[in-house]
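Okay, here's what each chain looks like letter by letter:
2 protein chains.
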Amino acid sequence: MAKTNQKWHERFRDRGLRFTQPRRVILDVLDNTADHLSAEEIYMRVHKKYPNIGLTTVYRNLITLERMGIVTKFHFGDGCHRFELIENKKKPDHHHHLVCTGCKRIIDYDDFMDEEIEYIKKVESALSRKHSFNITDHVIQFYGLCKKCKAA
Amino acid sequence: MAKTNQKWHERFRDRGLRFTQPRRVILDVLDNTADHLSAEEIYMRVHKKYPNIGLTTVYRNLITLERMGIVTKFHFGDGCHRFELIENKKKPDHHHHLVCTGCKRIIDYDDFMDEEIEYIKKVESALSRKHSFNITDHVIQFYGLCKKCKAA
DNA sequence: TTAATAATGATAACCGGTAGCAATTAGTAA
DNA sequence: TTACTAATTGCTACCGGTTATCATTATTAA
Numbered sequence: 024m025a026k027t028n029q030k031w032h033e034r035f036r037d038r039g040l041r042f043t044q045p046r047r048v049i050l051d052v053l054d055n056t057a058d059h060l061s062a063e064e065i066y067m068r069v070h071k072k073y074p075n076i077g078l079t080t081v082y083r084n085l086i087t088l089e090r091m092g093i094v095t096k097f098h099f100g101d102g103c104h105r106f107e108l109i110e111n112k113k114k115p116d117h118h119h120h121l122v123c124t125g126c127k128r129i130i131d132y133d134d135f136m137d138e139e140i141e142y143i144k145k146v147e148s149a150l151s152r153k154h155s156f157n158i159t160d161h162v163i164q165f166y167g168l169c170k171k172c173k174a175a
Numbered sequence: 024m025a026k027t028n029q030k031w032h033e034r035f036r037d038r039g040l041r042f043t044q045p046r047r048v049i050l051d052v053l054d055n056t057a058d059h060l061s062a063e064e065i066y067m068r069v070h071k072k073y074p075n076i077g078l079t080t081v082y083r084n085l086i087t088l089e090r091m092g093i094v095t096k097f098h099f100g101d102g103c104h105r106f107e108l109i110e111n112k113k114k115p116d117h118h119h120h121l122v123c124t125g126c127k128r129i130i131d132y133d134d135f136m137d138e139e140i141e142y143i144k145k146v147e148s149a150l151s152r153k154h155s156f157n158i159t160d161h162v163i164q165f166y167g168l169c170k171k172c173k174a175a
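Going line by line, the protein sequences match chains A and B.
The first sequence: position 43 = 66 (this note's numbering), numbered continuously.
The second sequence: position 100 = 123 (this note's numbering), numbered continuously.
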């Protein structure tokens, strides 16, 4: 329940885009999950309530939402992209995940958050200067096996 | 020129695998580049000198080489996997890259290396304990635009 | 209400990567 | 050296995720 439809509507209008039913529904799905859903998974949830909305439309709108800065796209090495509503995250633009390579479960961790952000900032500014880069994003991911998958 | 063919040959034999021409050639390509090549790119270089070696063989052997711990596979978000000979890296099992989202250039940086490794270790052990994970790997990547792509 | 045009949905295509399978070949044992 | 045999290769067809095409539909400014 991060943003009312009215708010979303404005964000689209401000860019000269339309606030269509598919967009409303996709945002609703993203706003009502804690998971990192793939396009296919989002489509399935959308499809359950609105069977008339097509897969292509979901893909297209995820791109649009990413461009609008509403959604972030990740790749965790399982062969598909996964999406997260930016408004749902505790700290914007800081993406760190713990990924189980067995069951593909993804955990957003927040240990050492402040320390990590500070470290990232330092490296970012050093790298920007040294390599003349305009750094816009970063990713920290740990891979391993969760308790269940270790046992299995 | 990291390893002589004899050395590679032993590593394959020790696992009951054969040291074939395609494997020799693929390793040679990987050993003679500083870039992070995709399977397709490796295939093209292989193909130039040995047109009889097929694309499938390249894919298959990259998997084999990864299993053997000779090669590391990365994904930088450009839709394909990229490979690096482990022997060529300064510090094994520590992967940090600066990626230009414009021209896809990838820079291996080594600033704050020791500090970063120490920090990673700390987070890793904390996350392992807290989430009962068996952490085997991690990735740190910065994304942005390089000097050229900024201007363009 | 209507005109203009952004957005949609169905289909086909694309692209990186993989499976199946007959033919070949590296490495061992005679 | 030769013969054997399983590992490996190279086709081809196929797969799953994603994107292009294009005629149709629907949002929104006037």
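What the hints contain is simulated information worked out from the structure, not anything from laboratory work.
Treat the numbers as computed from the prediction; the structure is a model and nothing was measured.
Hints should not be assumed to be uniformly reliable.
Pairs count within a copy or across copies, as identical chains cannot be separated in the list.
Distance condition first, Cα-Cα at most 20 angstroms in a straight line; then the derived PhoX-like pairs of lysine-lysine [what the hints assert, rightly or not]:
(1) K170 with K127
(2) K96 with K127
(3) K173 with K72
(4) K153 with K173
Comparing the hints with the structure gives:
Taking identical chains as interchangeable, the C-alpha atoms of K170 and K127 lie at most 20 angstroms apart only when both belong to the same chain, with a minimum of 13 angstroms there against 36 angstroms between chains. Proximity of K96 to K127 under the C-alpha cut-off of 20 angstroms is found in both arrangements, the shortest distances being 16 angstroms within a copy and 17 angstroms between copies. With identical chains, the CA atoms of K173 and K72 are never at most 20 angstroms apart, being 37 angstroms at best within one copy and 43 angstroms at best between copies. When the C-alpha separation of K153 and K173 is checked against a cutoff of 20 angstroms, the pair qualifies only between copies, where the shortest distance is 15 angstroms, while the shortest distance within a copy is 41 angstroms.
In terms of the numbered hints stated before, the structure departs from hint 3 and from no other.
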